[in-house]
Structures are given as structure tokens and as C-alpha cells.
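Novice: Residue numbers (our numbering), protein chains in the order written: chain A, 1 to 179; chain B, 180 to 358; chain C, 359 to 537.
Wrong hints could be hidden among the right ones.
Partial list, computed: chain A residues near chain C (C-beta under 10 Å) [said to hold, decoys possible]:
1. A21
2. M28
3. F29
4. I34
5. W57
6. T58
7. I64
8. E109
9. L110
10. D111
Chain B stretches covered by chain A per the calculated footprint, using a threshold of three residues with CB under 8 Å from any CB of chain A [stated by the list, open to error]:
11. 234-242
12. 277-283
13. 291-305
From chain B, some residues computed to sit far from chain C (all C-beta separations above 10 Å) [as the list claims (entries may be wrong)]:
14. T183
15. A257
16. E288
17. L322
Quick caveat, the hints were computed from the structure, so don't treat them as lab data. For each residue, glycine too, the CB sits at the ideal point set by N, CA and C.
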Amino acid sequence: MLTTVYIIAITAEAMSGALSAGRRQMDMFGVVLIAFITALGGGTVRDVLLGNFPVNWTQHPPYIYLTMLAGLLTVLLARYMHHLQQVFLVLDALGLIAFTIIGCNVALELDYGLPVVVMSGVITGIFGGILRDILCNQTPQVLQKELYASVSILVAALYLILVHFNVSHDLTLLAAFSS
Amino acid sequence: MLTTVYIIAITAEAMSGALSAGRRQMDMFGVVLIAFITALGGGTVRDVLLGNFPVNWTQHPPYIYLTMLAGLLTVLLARYMHHLQQVFLVLDALGLIAFTIIGCNVALELDYGLPVVVMSGVITGIFGGILRDILCNQTPQVLQKELYASVSILVAALYLILVHFNVSHDLTLLAAFSS
Amino acid sequence: MLTTVYIIAITAEAMSGALSAGRRQMDMFGVVLIAFITALGGGTVRDVLLGNFPVNWTQHPPYIYLTMLAGLLTVLLARYMHHLQQVFLVLDALGLIAFTIIGCNVALELDYGLPVVVMSGVITGIFGGILRDILCNQTPQVLQKELYASVSILVAALYLILVHFNVSHDLTLLAAFSS
Numbered sequence: 001m002l003t004t005v006y007i008i009a010i011t012a013e014a015m016s017g018a019l020s021a022g023r024r025q026m027d028m029f030g031v032v033l034i035a036f037i038t039a040l041g042g043g044t045v046r047d048v049l050l051g052n053f054p055v056n057w058t059q060h061p062p063y064i065y066l067t068m069l070a071g072l073l074t075v076l077l078a079r080y081m082h083h084l085q086q087v088f089l090v091l092d093a094l095g096l097i098a099f100t101i102i103g104c105n106v107a108l109e110l111d112y113g114l115p116v117v118v119m120s121g122v123i124t125g126i127f128g129g130i131l132r133d134i135l136c137n138q139t140p141q142v143l144q145k146e147l148y149a150s151v152s153i154l155v156a157a158l159y160l161i162l163v164h165f166n167v168s169h170d171l172t173l174l175a176a177f178s179s
Numbered sequence: 180m181l182t183t184v185y186i187i188a189i190t191a192e193a194m195s196g197a198l199s200a201g202r203r204q205m206d207m208f209g210v211v212l213i214a215f216i217t218a219l220g221g222g223t224v225r226d227v228l229l230g231n232f233p234v235n236w237t238q239h240p241p242y243i244y245l246t247m248l249a250g251l252l253t254v255l256l257a258r259y260m261h262h263l264q265q266v267f268l269v270l271d272a273l274g275l276i277a278f279t280i281i282g283c284n285v286a287l288e289l290d291y292g293l294p295v296v297v298m299s300g301v302i303t304g305i306f307g308g309i310l311r312d313i314l315c316n317q318t319p320q321v322l323q324k325e326l327y328a329s330v331s332i333l334v335a336a337l338y339l340i341l342v343h344f345n346v347s348h349d350l351t352l353l354a355a356f357s358s
Numbered sequence: 359m360l361t362t363v364y365i366i367a368i369t370a371e372a373m374s375g376a377l378s379a380g381r382r383q384m385d386m387f388g389v390v391l392i393a394f395i396t397a398l399g400g401g402t403v404r405d406v407l408l409g410n411f412p413v414n415w416t417q418h419p420p421y422i423y424l425t426m427l428a429g430l431l432t433v434l435l436a437r438y439m440h441h442l443q444q445v446f447l448v449l450d451a452l453g454l455i456a457f458t459i460i461g462c463n464v465a466l467e468l469d470y471g472l473p474v475v476v477m478s479g480v481i482t483g484i485f486g487g488i489l490r491d492i493l494c495n496q497t498p499q500v501l502q503k504e505l506y507a508s509v510s511i512l513v514a515a516l517y518l519i520l521v522h523f524n525v526s527h528d529l530t531l532l533a534a535f536s537s
């Protein structure tokens, strides 16, 4: 189930990246690169910081194609995308939760300490957006809007509590998603 | 002694990061993240570039808490901080020197060549501030004001000369600090 | 032959970085650092992403000195550099091609999959310029001007086709350069 949500999440993130890049008059290549970095940049920063090589996406070509294609399609259909803002908000929230849980899991499996596990979750959740904003020469939005980061931290905390009490994996994920 | 100075240094750097973030209307999370990155980002960039995993702060939770707490307190007390500018300048200089020496040491112990050792010191000294400025969407100050980087390079050079002549470790540190 | 072109390429990239930094009123240290990062940053990002430690330039001090010196000389001679714009364009194109081929090679030798090999080539080709623009607080040019990235992608594709058909190494390079 987490994989399904992850795939929806990176698609949504890629589209948000492409919209951002489109607004900055970037060309096709810029749009595709920023879509890719917005979607997979958080996980990349996490893997590099934790020394978790090979970096995840290098072993999953479909994720590379998916995010680039999603970015490309988004720009082509940009004028219709504005009607979908509500959908985007929901996908974005789902994505943030999925990224955070995955990030916590990666650090847990590498036996990092608890604060690093939480930070790994938050970094996976928010750094794609931070890299997108840096490349678009903007102050990162996540640093100026409380909600986004708070959700990620809460999800990480909740997830770790559930893991600690040995709740079964699927139930844990369910709880995290209904939070 | 170097550890003591290091702890003072990351605290001072975290406060400088928080003040910078506060000026950019960031929320609490943004302030805490930028405090953390300003204080520990230089060492992180160094560890990643040198392939020195696990990255230092992931093994030292107290450093994580300390820098985040320092950032938080700084924003709460921001209006009183302006009276302490002189103190900050001294702490900042101390921090730069401590970071540079630590950075040189890390590269020396990994058997890197001399130019890489010097660059490791300088990177540790200045990259926290560079990352802070990038996240605040400013041109990095250290690239526009001679003094800061020059001090770091001088400290690295002086330190290496002393190490080369087998001066005892404590004496070396003392000399570096009185430079 | 690739080494010769590589040395010309990093020199040209260092000069382009220094000119960019000079325009932003940076001091000597800023110019030298940005020259270094523009020239060797693409390869550094590639090595870190692929977990290819030690990072290439840390094992080649002459590359460090060369790029820094080129940056320094460029600023001192900045007023005469404007007459050389045509030369720069040619060197820049040569550099892009050399960086792309080298980046593909590194990923091939580490047994990464084909899409990662192409991305490794493109990242090596363009990330030096992206880092330069981020440090100069500009929106990365390569994301706004089609040509540059397209050339890099085409070179990577052409190179891989030639490698696939077992064309001898020197001939492959020759073909890539005459593209």
C-alpha cells in the first residue's frame, strides 16, 4: 500500500514542480529537471546524508520516467490544471505523509538514533520542495508556512510511537494516513 | 578544549542563523531548520564530500537539540539580541576558527592530500553560512566580504604548519586560537 | 585525448564562473570559490549522487590549483575578456561535451542502469553552472535556455549508442566531438 501511495505522491510532487517551473518561464528541460528534483530530491538528500548508497531512484528507472513524464504532461496541460487545485492539495498532503513515513523507515533500518529518524522523515518530506524553490530562486515556502512542516513532524512522531508499541505494520500505516 | 569551543561555536552559529531567518519572516519551523543548518551544515557538506559516513551530527543527538533550542530561544529573545552584537562577533570568530581546525583534522585523519585538507577546513568554516544565505534567498555574504574567508584560510595554513612541525596538539590549538 | 579536453573544459568553466562572480561584486575569495565550483561542481554532484568516493577532484590537486588560478587570472584580466566571447562559446561547448562523456563513463563503470548513465552525463555537464547561478542568487540559466541541456542529452545518447555497438573508444570520442 505504501508503494501505491508513494507513486501517487511522486507524481503529484512532479506536477507541483512543473507548475512552479512553468511560472518561471523555464524551457522544457528546466520543467522536466525540476519535476524530477521536486519529486525525488527529498529522498536523494536523505540517502546522501545517511550514506545510504546507491541512492534509491538510481535503482528504479520507472520512477525517473514517471516523474519526468508527469512534469512534461503538466506543462502541456497547464491551462487545465488550475481547475484541479483541490485535488492537488489532497495529493500533496498524501505525498507529504508517505514521504515522511518512508524517510523514517529508511533511517530506522540503518539503525540511526531517534532524532535522526525523525529528521530523516521530515527531510524526505520537505526537501524536494526546498530544492524546487531554490532552483526557482524563491525563498522556500515550507520555511514560511507553518502547516506543511508541522504535519510532517507530527506524522513522524505518531509513526514512531506506533512502531515502538509494536503495532502491526499495516495498521501503523493506516493510522498514519488517517491522522 | 576544542569540544568546548565547538559547542560554543555551533550555538553562536545557530543563533546567527535564527536571526537571519527571523528577518525573512520565517515561521518557527523555518527558524529552527535554518539554525540547525547554519550550525551543522558546514560539517555536513564536508562529511558528504569526503565520504566520511555516518555524518557527524547523526551520531551526536545533543548537538541537534542544542542548535534547534538555541535557534528557538534566539527568536523569542530577538529584541534583546541586538545589544549583544559585539559578543556575537567574538563568538562568530571563535566558531570560524574552531570549525576550520576541526575540518582540517577530519580530512587529515582520512589521509587526504594537503590542498584537500585546507579546503576541508574552509568548507567546514564557511558552508553553514552559505547554506543559510541560499535558504534565505540572499547572495552568500562570505563571498562578498573578504575577512571571513581569509581568516579561515589563514587558520588552516597556520594549523597545518604547526601540525607539520609536530608541535604538541594542545599547544597547536592554543596557537591557532591566539592567532 | 579526453583528459586534454577535460583540462581545457574545467579552465573554461572556471573562467565563466569567475566572470559571473565578478559581475556580482564578489571579493577575490568569492571569485576563486565560484570558479572552482563552476568547474568541478558538476563532477562533485555526480560523484556524491553515485556514491563514487573519493570525489574525483580530491585525488587531483592540479585540478584544484588550475581552476582557482584560472578564476583569479580571469578577474584580473576581466576588461580584456569581453573580446574573447566567441572563444568562450566554443570552449564552453567543448566543455559540455567532455563533461557529459566523462559523466556517462563514470556511471557505466559503476554498473548503473542506462537512464542513470544518461543523467550522470547530463548532471556532470550542467550542474557546475547550476551551482554557480545558485551561489550568485540567479535562476539557473540552463533551465531557461533550451540549447545547452539539449546538447548534453544528445551527446549522452549518441555516445551510448556508439558504446553499445562496440565502436573503439577513440573513434567514439571523435564522433562525439564532431557531433
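Novice: Would you settle whether the hint for M28(A) is holds or violated, based on the nearest Cβ-Cβ distance to chain C being less than 10 Å?
Specialist: For M28(A), the interface hint holds, since the closest Cβ of chain C sits about 7 Å away, which is under 10 Å.
Novice: Once the shortest beta carbon distance from E109(A) to chain C is found, is it less than 10 Å?
Specialist: For E109(A), the interface hint is violated, since the closest Cβ of chain C sits about 17 Å away, which is over 10 Å.
Novice: Quick check on F29(A) please, does its C-beta sit within 10 Å of some C-beta on chain C?
Specialist: holds, 4 Å
Novice: Beyond 10 Å from every chain C Cβ: check whether that's true for T183(B).
Specialist: holds, 29 Å
Novice: Beyond 10 Å from every Cβ of chain C: is that where the Cβ of E288(B) lies?
Specialist: Answer for E288(B): holds, closest chain C Cβ roughly 14 Å.
Novice: For the hint on I64(A), just tell me whether its beta-carbon gets within less than 10 Å of chain C.
Specialist: Nearest chain C Cβ about 5 Å off; hint holds.
Novice: Going by Cβ atoms only, is D111(A) closer than 10 Å to chain C?
Specialist: violated, 19 Å
Novice: Verify this label for me: A257(B) is non-interface relative to chain C, using a Cβ-Cβ cutoff of 10 Å.
Specialist: holds, 25 Å
Novice: Determine whether the non-interface label on L322(B) survives the test: each CB of chain C must be over 10 Å from its CB.
Specialist: violated, 3 Å
Novice: Are three or more residues of the segment 277-283 of chain B within 8 Å, CB to CB, of chain A?
Specialist: Violated, because only 0 residues of the segment 277-283 of chain B bring their Cβ atoms closer than 8 Å to Cβ atoms of chain A.
Novice: For the hint on I34(A), does the least C-beta distance to chain C fall short of 10 Å?
Specialist: Given a least distance of 7 Å, the restraint on I34(A) holds.
Novice: Return the status of the interface hint for T58(A): holds when the least beta-carbon distance to chain C is below 10 Å, violated otherwise.
Specialist: Status holds, d = 5 Å.
Hint compliance for this structure: hints 8, 9, 10, 12, 13 and 17 are not met, and every other hint is.
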